[in-house]
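Could you build all of it, start to finish, from the sequences and the hints given here?
Protein chains: 4
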Amino acid sequence: MANFEGHALPGSFFIIFGLWWSVKYSLKYHIMKMNKDGHTPRFFESVEVFEGATKVFCSLVGMLAEQFVPSGPHLALLSGETHTWVKLMNWQHSTMYLFFGISGAMDILTYSSIKVPIGLDRLGLSVALFVEGFLFYYHVVNRPMLDQHIHSLLLTAIFSGTLCTLLEVFLRDNIVLELFRASLALLQGTWFWQIGFVLYPPSGGPQWEEEDHGNIMFITMCFCWHYATSILIVALNYALTHCCIRKCRRNKGQIEIGLGIRKKHKENSRTSLLNESDEE
Amino acid sequence: MANFEGHALPGSFFIIFGLWWSVKYSLKYHIMKMNKDGHTPRFFESVEVFEGATKVFCSLVGMLAEQFVPSGPHLALLSGETHTWVKLMNWQHSTMYLFFGISGAMDILTYSSIKVPIGLDRLGLSVALFVEGFLFYYHVVNRPMLDQHIHSLLLTAIFSGTLCTLLEVFLRDNIVLELFRASLALLQGTWFWQIGFVLYPPSGGPQWEEEDHGNIMFITMCFCWHYATSILIVALNYALTHCCIRKCRRNKGQIEIGLGIRKKHKENSRTSLLNESDEE
Amino acid sequence: MANFEGHALPGSFFIIFGLWWSVKYSLKYHIMKMNKDGHTPRFFESVEVFEGATKVFCSLVGMLAEQFVPSGPHLALLSGETHTWVKLMNWQHSTMYLFFGISGAMDILTYSSIKVPIGLDRLGLSVALFVEGFLFYYHVVNRPMLDQHIHSLLLTAIFSGTLCTLLEVFLRDNIVLELFRASLALLQGTWFWQIGFVLYPPSGGPQWEEEDHGNIMFITMCFCWHYATSILIVALNYALTHCCIRKCRRNKGQIEIGLGIRKKHKENSRTSLLNESDEE
Amino acid sequence: MANFEGHALPGSFFIIFGLWWSVKYSLKYHIMKMNKDGHTPRFFESVEVFEGATKVFCSLVGMLAEQFVPSGPHLALLSGETHTWVKLMNWQHSTMYLFFGISGAMDILTYSSIKVPIGLDRLGLSVALFVEGFLFYYHVVNRPMLDQHIHSLLLTAIFSGTLCTLLEVFLRDNIVLELFRASLALLQGTWFWQIGFVLYPPSGGPQWEEEDHGNIMFITMCFCWHYATSILIVALNYALTHCCIRKCRRNKGQIEIGLGIRKKHKENSRTSLLNESDEE
Chain A
1 MANFEGHALP
11 GSFFIIFGLW
21 WSVKYSLKYH
31 IMKMNKDGHT
41 PRFFESVEVF
51 EGATKVFCSL
61 VGMLAEQFVP
71 SGPHLALLSG
81 ETHTWVKLMN
91 WQHSTMYLFF
101 GISGAMDILT
111 YSSIKVPIGL
121 DRLGLSVALF
131 VEGFLFYYHV
141 VNRPMLDQHI
151 HSLLLTAIFS
161 GTLCTLLEVF
171 LRDNIVLELF
181 RASLALLQGT
191 WFWQIGFVLY
201 PPSGGPQWEE
211 EDHGNIMFIT
221 MCFCWHYATS
231 ILIVALNYAL
241 THCCIRKCRR
251 NKGQIEIGLG
261 IRKKHKENSR
271 TSLLNESDEE
Chain B
1 MANFEGHALP
11 GSFFIIFGLW
21 WSVKYSLKYH
31 IMKMNKDGHT
41 PRFFESVEVF
51 EGATKVFCSL
61 VGMLAEQFVP
71 SGPHLALLSG
81 ETHTWVKLMN
91 WQHSTMYLFF
101 GISGAMDILT
111 YSSIKVPIGL
121 DRLGLSVALF
131 VEGFLFYYHV
141 VNRPMLDQHI
151 HSLLLTAIFS
161 GTLCTLLEVF
171 LRDNIVLELF
181 RASLALLQGT
191 WFWQIGFVLY
201 PPSGGPQWEE
211 EDHGNIMFIT
221 MCFCWHYATS
231 ILIVALNYAL
241 THCCIRKCRR
251 NKGQIEIGLG
261 IRKKHKENSR
271 TSLLNESDEE
Chain C
1 MANFEGHALP
11 GSFFIIFGLW
21 WSVKYSLKYH
31 IMKMNKDGHT
41 PRFFESVEVF
51 EGATKVFCSL
61 VGMLAEQFVP
71 SGPHLALLSG
81 ETHTWVKLMN
91 WQHSTMYLFF
101 GISGAMDILT
111 YSSIKVPIGL
121 DRLGLSVALF
131 VEGFLFYYHV
141 VNRPMLDQHI
151 HSLLLTAIFS
161 GTLCTLLEVF
171 LRDNIVLELF
181 RASLALLQGT
191 WFWQIGFVLY
201 PPSGGPQWEE
211 EDHGNIMFIT
221 MCFCWHYATS
231 ILIVALNYAL
241 THCCIRKCRR
251 NKGQIEIGLG
261 IRKKHKENSR
271 TSLLNESDEE
Chain D
1 MANFEGHALP
11 GSFFIIFGLW
21 WSVKYSLKYH
31 IMKMNKDGHT
41 PRFFESVEVF
51 EGATKVFCSL
61 VGMLAEQFVP
71 SGPHLALLSG
81 ETHTWVKLMN
91 WQHSTMYLFF
101 GISGAMDILT
111 YSSIKVPIGL
121 DRLGLSVALF
131 VEGFLFYYHV
141 VNRPMLDQHI
151 HSLLLTAIFS
161 GTLCTLLEVF
171 LRDNIVLELF
181 RASLALLQGT
191 WFWQIGFVLY
201 PPSGGPQWEE
211 EDHGNIMFIT
221 MCFCWHYATS
231 ILIVALNYAL
241 THCCIRKCRR
251 NKGQIEIGLG
261 IRKKHKENSR
271 TSLLNESDEE
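Residue numbers (my numbering), protein chains in the order written: chain A, 1 to 280; chain B, 1 to 280; chain C, 1 to 280; chain D, 1 to 280.
What the hints contain is simulated information worked out from the structure, not anything from laboratory work.
Hints should not be assumed to be uniformly reliable.
Because identical chains cannot be distinguished in the list, a pair is counted as satisfied if it fits within a single copy or across any two copies.
When the alpha-carbon atoms are kept at most 25 Å apart in a straight line, the in silico DSS-like pairs for lysine-lysine are as follows [stated by the list, open to error]:
| id | residue 1 | residue 2 |
| --- | --- | --- |
| 1 | Lys115 | Lys28 |
| 2 | Lys115 | Lys24 |
| 3 | Lys247 | Lys28 |
| 4 | Lys247 | Lys115 |
| 5 | Lys115 | Lys87 |
Every value quoted in this text rests on a predicted model; they were computed, and no experiment measured them.
Below you can see the structure in the form of C-alpha cells.
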C-alpha cells in the first residue's frame, strides 16, 4: 500500500521482532552463562514455536491487509477487460509476507515432532529477507531520486540481515550474530516508519523536495543515526536482561531458571536410577 | 536453440535433478538418523556413480541436440565464405552442457578406484553452474527488456546454486545445503519452462508486450512464486521419504537399510575375527 | 572539513592505530609463542581497555573539530530561515567519528565487568568501518573525476578493512588477519594524507588537472605503492618486536613476560594448594 | 608493453606456475596418502623456499623488462619538460610484478628461521592477485569494446584466483583449493597468450573486428574452452603423478618418499634416545 499505513504496518512488525529478539537472545545467553554446564532450558523450544506461530500470524495479517484494503486487488490478478495486471504493488507486498509466513512455518516444524533438520529455519528466514530485498530492488525503478535512495538504504538493512541470517545457518547459537540480527531488524522497522514519514507525511505537511541533493545527503546520514539508536536499544535490552536475571536469581527463588534446573534434575535422577539398575 | 524446445529440454533436466536430489538427500538423512552410529550405507556410493553417469548422458544429449537440430551449426564454427561465426548461440549452449558433462565425469571419478580428492565433485558442479551463468550473462545483451529481465532472474537462481555448491566443497554432507541446492535446481528447471512459455508461446498465442513495465513487475513476482512452489515440493518429498522409511522399517523387514547393516555386519565380523587372531 | 587539515586529522588517527596494532599484535604473537602453553598475559586486557578509551577520545576530538571549526555547523542541523540543511559534510564526518566512538565503547565494555559477549568489539569496529565507507560512497557523487576516483580508492581500503574485521568476529586472535588489519589501517591513513596533498595542496601549489586520464592512472598505481609501503612498515615492526622480545628475555630479566609468568605462578601455587587440600 | 611479447611473458610465467602447482600439490597429496600418518616430508619446505625464490626472480625479470625495453620508461616517472607522466602502462605493469615479488619474499620468509606466521604467504599471493586485477580494472577504460571485454574476462580468472588464495589462508593444505588455484593460473596464462594473439597478431594477419558482437560472443565462449582445457591438464598431471608415485614405490626403492621417511626415522630414533635417557 503506497501510503503511510502500508509502511507503518511492516515497520511495526520488524520493530516488535527486533525488540523481542534482543530480549530473547540476551536472556538465553545470560541463563546459559549461569547454568555452568552451558545448558539451555527446554523452555526456549516452546518459545521458538510460539515465535514461529506469531510470524505466520503477522504474515497472514499483512497479506490480508494488502489484498482487502479498499484500494487493494481483492485477490484479482488479471483484469479481464483491459488484459492488464491488477494492483501489482499490493501483490508484490503479499508475496513478501508469504515468504515470512513460510519462514514461520519452518520455525514451527523445526521444533515439532517431524524434526526438520536444524538450520533450515534460519535458511528460511534468510530466503524471506532475500525475497523482500529482491522484490524491493526491482520495485523502485522509475521513481523520483529521493524515493529510490530511501528505498535503496532499506535494501542495505535487508541484505545485511540476509547475510547475517545465512551465517547463522552454519554458526547457530552465536550470540554476536543473534544480537546483530536483532539490531538490523530494529533498523529496518524504524526505517520503514521513516520512509512513511518522508514520502507520505501523515500530518499532511509539505512534501520533501525529491530531487534535492541535500535531502539525499541528510537521509543517508539519518539512516546511520537510526542504526546508532538501534545499537543503543539492543545494548540497553542486553544490560536490563542481565540485571533482571541477577535479581531473579537472588530474590524470587529462581523461577525461570528453576524451570530448566528442575527438568534437568528430573533427568539426572532418572539417569542415576538407570545407572543404579545397570550397576546392580 | 531459441525456441520452446530449447528451453524445455534443459528445464526438464533440472527438474529431474531437483526432484531426484530432494529424494536422495532426504533418504540419506533419514537413514543416517536411524542408524544410530551416523553411518551411511555403501549403497549410496553406487548411486553417486549412477548419478554422475546420468549427468554425462544428459549433457551429451543436450550437446548433440544443440549441434544437430535442423537449425544447428552441425559442428561448423567458422563459415568459410563470409568469415563469420556460425550459430554462436548453439555453440554457447553446447559449451554449457560440456561443463555439466565434466562435472558428471568428476562425480564418477570421485567414487572410482582413482580416488580423486573428495570435494572436487562439488567444485566441478559449482564451476559448471558458474559457466552457465557466466555465458548467460553475456548472452542477453541487446535483447528486449522483458527478455533480458527474465534471463537475469534465471541468473539469480544459477548463481545462488553456484554459491551453495561452492559451500558444499567445505561443508560436505550438510543436509541444509543439499536441500537448498535441490530447491534451486527445481526453481531453475521450472523457470526454464516459464521462459519458454513467455518468449516462445507453444500454443501460438499472442506474444507478451516486451517493454511493458507491468509485465516486468509480474515476472519478478512470478519468479518468487516458482521458488515458493519448489520449496513446497522439496518439503513434500522430505516428508514422504520420512514416512516411507518409517513404514519400510516396520513392515518389510528393513530391506534397504538392511543392505547397509548387512555390509556393516560383515565388516564387523571380519574385524572381530582379526581382533581375535590378534588376541590369540 | 573540505581542506587539508580535515584529511590530515583522520589520516593521522589511522596511521597511529595502524602502527600501534602492528606492534601490539606482533608483541602478543611473539609472547604467546615463547610462553609455551600459548597463554596471553593478563596485561593485554588492560591494554585493550586503554585502546578503547583512546578510540573514544579520538572520536570525540574528531567530532568536536568537525562541529566547532570556524566553518563548521556549531551543532545546528537545519537553518531556520532558508529551510536548508547546514554544513551536511561536517555532519556526515561527525557521524563517521560517532561510530568509531561506539566501537571504542564496545572495546571497553568487552573487558569490563559487564562481560559483553566476545566478538562484539570486532563487529563494532567492522560496522564503524562500514558506515565510514557507506557515507563516503554517497559523499562523492557530482564531484570531478579525479576527486571521485581518489575517494573510490579510499573505499577499497575501507571495505577491505570492514571485511577483514568481520572475519575476526569468527576467527579471533588470528595473527594473519590482525596484521592485515594493521596494514589496511596504515594504508587508509597515508591515503587520507595523499588525498589532502592532491586535492588541497598545502603549499598552495598548482591544482592537479582533475579530468586528465594520466592523473587517474598514476593515482591508481600510487595507491598500490602506498600499500606496498604499509606492508613494509608492518613487516619491519614485526621483525623489530621479534628482536626486542628476544633481547628482553636474555638481558633484562624478562620484565614484561615476567609479568604474565608471575601471575601464572601465583595461580599455579594457588591451584597446587587446592590440590593438596583435595588430596589430604 | 602493449604488444605480443608483453602478453606472452606474463602468460608464460602463469602457465609455468600452473603446471608446477598442479604437479607439486598432486605429489604432496599422494605422498601424504601413502605415508599413513598423514605426514608431509620435510623435503617440501625447501621446495617452497625455491618456489618463493623463483617468484622473486620472475618478478624481477618482468619489472626490468617493462622498464628497459626500448619503448619503456627507463625508470623515469615524470617527464620534466611537459610535466606529464611517462609510460604509465609500463609503470603499472611493473607495479603488478612488484607485488608478486613481495609475495615471493613472504613465501621465503615463512619457511626461514624468522618464522613469519603461517598463512601470510597465501595472503601475500592473494593481495598480489588482487592488485593485478585492481590495476587491470582501471587499465582498460576508454578502449575498444573487444579489448575491454577480453581483459574483463581475464579479470574473472584473476579475481577467482584472489578468492581461492584468500580461502587458503584459513583452509591451508586443502587439495581442492590448491588444484583449483593451479587450474586458474593455467587459465590466466593461456588467456594472456590468447589476448596477445587477438589484439597483436604476431603473424601480422588482419586485426579482429573490435566492435563486432559475434566476436565478443565467441571470445566469451573461447574463455570457457580455455578453462575446460586447463581442467583437463590439471587432471592429467594429477593422474600422471599418481601413476609415477605408485611405480616409484614399487621399483626404485622408494627414493623420494624414503627421503621423508629416513628423516622421520632419524627423529624417531633421536626421540627414543631422549625417552630412554628420561626413563633411566
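Homo-oligomer pair classification [lysine 24, lysine 115; C-alpha up to 25 Å]: both (22 Å within a copy, 18 Å between copies)
Within, between, both or neither: lysine 247, lysine 115 at alpha-carbon 25 Å: Between. Shortest inter-copy distance 17 Å satisfies the 25 Å Cα cut-off; intra-copy 36 Å does not.
Could you place lysine 247 and lysine 28 in one of the four classes (within, between, both, neither) given a Cα distance threshold of 25 Å? within (16 Å within a copy, 38 Å between copies)
Within a copy, between copies, both or neither: which one fits lysine 115 and lysine 87 at a CA-CA cutoff of 25 Å? Neither: 39 Å inside a copy, 51 Å across copies.
Homo-oligomer pair classification [lysine 28, lysine 115; C-alpha up to 25 Å]: both (22 Å within a copy, 15 Å between copies)
Violated hint: 5 only; the structure is consistent with all others.
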